[in-house]
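2 protein chains.
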Amino acid sequence: MGSASDVGLPNLAPSPLDPEEFRRQAHMMVDFIADYYRNVSEYPVLSRVSPGYLRHCLPESAPNNPEPLEAILDDVRDHIIPGITHWQSPNYFAYFPSSGSVAGFLGEMLGVGLNVVGFNWISSPAATELEGIVMDWLGKLLNLPKPFLFSGGGGGVLQGTTCEAILCTLVAARDKALTRIGRDRIGVLVVYSSDQTHCALKKAAQIAGIHPDNIRALPTRRSDAFGLSAKTLRAAVAADVVAGLVPLYLCTTVGTTSSTAVDPLRELCEVAAESGMWVHVDAAYAGSACICPEFRHFIDGVEGADSFSFNAHKWFFTTLDCCCLWVKEPKHLVNALSTNPEYLRNVVTESKKVVDYKDWQIALSRRFRSLKLWMVMRSYGASNLRKFIRSHVSMAELFEGFVNEDKRFEVVVPRNFATVCFRLLPSVGVVEAANAMNKQLLEAVNATGKVYMTHAVVGGIYVIRFAVGASLTEMLNVRAAWAVVKERAEALLLSEFNVHAAAV
Amino acid sequence: MGSASDVGLPNLAPSPLDPEEFRRQAHMMVDFIADYYRNVSEYPVLSRVSPGYLRHCLPESAPNNPEPLEAILDDVRDHIIPGITHWQSPNYFAYFPSSGSVAGFLGEMLGVGLNVVGFNWISSPAATELEGIVMDWLGKLLNLPKPFLFSGGGGGVLQGTTCEAILCTLVAARDKALTRIGRDRIGVLVVYSSDQTHCALKKAAQIAGIHPDNIRALPTRRSDAFGLSAKTLRAAVAADVVAGLVPLYLCTTVGTTSSTAVDPLRELCEVAAESGMWVHVDAAYAGSACICPEFRHFIDGVEGADSFSFNAHKWFFTTLDCCCLWVKEPKHLVNALSTNPEYLRNVVTESKKVVDYKDWQIALSRRFRSLKLWMVMRSYGASNLRKFIRSHVSMAELFEGFVNEDKRFEVVVPRNFATVCFRLLPSVGVVEAANAMNKQLLEAVNATGKVYMTHAVVGGIYVIRFAVGASLTEMLNVRAAWAVVKERAEALLLSEFNVHAAAV
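Each protein sequence line maps, in turn, to chains Y and B.
The first sequence runs 1 to 504 under the numbering used here.
The second sequence runs 1 to 504 under the numbering used here.
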């Protein structure tokens, strides 16, 4: 029980958000990070630590007493930096890029500083309104069909990741279908994709309670450049319908993770329309490129889809996490994801004049993510954003040219964007041996510390992926990367030759 | 098709991550945010803008050409700041706090700057290892039973929000149950909570495909201080079992959103154990207080639960988002949430010596959230963190004292932490009239712009919630808030008296 007198009440610790202390320490951190970017090309790209290394460097419990920032930054320098894989290194060509930028960083800083929780309009109006505006801006840059924009009756929302975007749209589609066929029939719903589709779909389907037997990963072929054929989809749907199942959701991909393959949207949407399935377009990586007119054709046919997403945190210079999702009919998201407890009731929500984004996503709380996307678009403008994208594509073309000119290598699948899938050709025709050799080559390349690339297996072939897109990468890094590949390949071929010669 | 020569290739735009440009602009942003904190107490806490205001201030499309940071910051000052609700204001007492801190901000900055994507160990070892270490640190500060810690066979993971923590554990529990009873029987699974439980549970159950008829919100009573009674739970479970249903998951709460009520964990866990249900403890708000020995008793009995979560972004000085989740048997999360595509395969994962956190959460990609939590614990130390918590509780006690000393008001439910639920007492006994009067009072109080509080309805009673916890709040703000409440209440009572007098 309290007393109205506050004599003797403990309030001794300084405020943890003192403005001048904030200023002093944040300036130190800015210089620390700026220095990191200046030096990042010198670090081994792939970390060389062993499992468990950090437990030997840090105490077993939190300290009881405060420690100065200087001591913490020393530990970051000595123990954290050596343990990270440097996604911001100009020599990073692994997975897909995580393209940072000054504007993206600043937008995130501002959002973190304001630290509002924008679950509904009233909780921070600017957070909701700016998100609606930038989603329309970005939709226009991508030349998305008008029905996906707020100005056309649809709308966009920022999710954390594509996994969340897929889960939300899948649940929206599921509940729409269950309303039609009956709540008890979740077991008959079927989800479709190709065998190249990101694992996000399988995971979303698992979470949403789709029966594991009803998740189809339809086969693709090298002759189709690993795109899903409409014929394959139609046959699968027909078989399921005959078996009494109900087609629910098709996840198409523009720019698959393994090889940046592109599904033919128009034909697939036509097939899906025959059974009333929801179609999602996952352009997580390649969506960014579609702001350039010369790449826009890859999403031709998107007008037949129900939802479209891409990750601004991959190749749109916006720091993790920032997945942009547009839907034609937001009401299906709201029907599936809304909750309206008393403690969130307010006049503005009840007026139905505003968007409450909590009903468009999994979580209730949400960060002010639109600030960073807004700052990226304003700081660079569409013109420079296109230049950045095109320069990465040019760098990938440069690398592709190196591969093509060297007869010991091949580009395995046609390059669509800024990722080259290549391999060292086998001297004999056995695919397993070639795969093992390329695996060895990739390990040797990464062990140099000078670059980091990763692999995929497409159509049974092990390929090395060279994904350009780190914000600091320049032509000289691409040339140096090719030199490392060539040198390690030559060493590998020589040792194989010696082994062979010794055997003979 | 590329060429090995790069003569004439376009690479004209400056790097979007130039270190010196980063340094220049980030220092500007630091000063902008520091100034914001210096001035934040002067802004109306609840934004006064109207729906759609921002569309009138910003252009309809993204600019084609770059704009300088100065122009963007002008727009932030003129159009964004007036449109946000100031969660960092010392006069913010709404919902629950979103307690920022210098250390939390710095940790977020560093994570954003490094911008790694730590989906598995190899993608950035330090991100995984530091998370494991800080989750053990924090678990020890909370005196969690050893089986929840990595050092005791369990483990902790950072999620974005409690909604995600509940969804992940619910899906883990669901798949564990379906493995036992058969994949086709999702329709018989039942989820339990009280009518005070956060809407996150209902939403998670919806997403996870639990039948809407099988989501129980069991009644609570004012005489139990709105905690869920074991007897009520036992009766509900028994009825469901008789009806052929299968009890799946119980979500208990320590510190409910409406009134910070506490469910009796020990008794509820005993009831749940009888049917083998998964028990989750949601201590989203109140978990932080449990680092103080005098509050730890509120989670006594947690040893009988399967999982425990609290939001460091609420009242642990860590910026949004940061939900800390511990589980006793991580394998159930992994069984439900893992996917292992070829492109993520690596030697370390296959050695099974490491945690791959992608299998503990909904999304694949994940930010380096542990840095901010690590910096908060080190910068303040356990001693100052306890002081911060205690000073907020003291301020709530001060306010509670004011309410208690004024006979026109009452504290409606016992205060457990730093949130006071109070109301202006009705002059006559009709609850509807009292509710309407308190609603009016709250609107009048918030309209002053001097403070922001929100409401809840518990047991049919409309209460005003006064939640202390904003990092800049001091005793003087609490005193000023009480003055506003008293003044508005007097004006309201006077106008009611006048209306009454005129009628007579």
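Keep in mind the hints are simulated off the structure, nothing from the lab.
Among the clues, some could well be false.
The list makes no distinction among identical chains, and a pair is therefore deemed to hold if it is satisfied within one copy or across any two copies.
What the hints assert, rightly or not - Lysine to any residue pairs mimicking SDA-like chemistry, simulated, CA-CA at most 25 angstroms apart: (1) Lys202 to Val334; (2) Lys331 to Val354; (3) Lys387 to Asn435; (4) Lys231 to Glu487.
Right, here's what the structure says about each hint:
1. Lys202 to Val334: For Lys202 and Val334, both the intra-copy (23 angstroms) and inter-copy (14 angstroms) Cα distances are at most 25 angstroms.
2. Lys331 to Val354: within (13 angstroms within a copy, 42 angstroms between copies)
3. Lys387 to Asn435: neither (36 angstroms within a copy, 60 angstroms between copies)
4. Lys231 to Glu487: neither (44 angstroms within a copy, 73 angstroms between copies)
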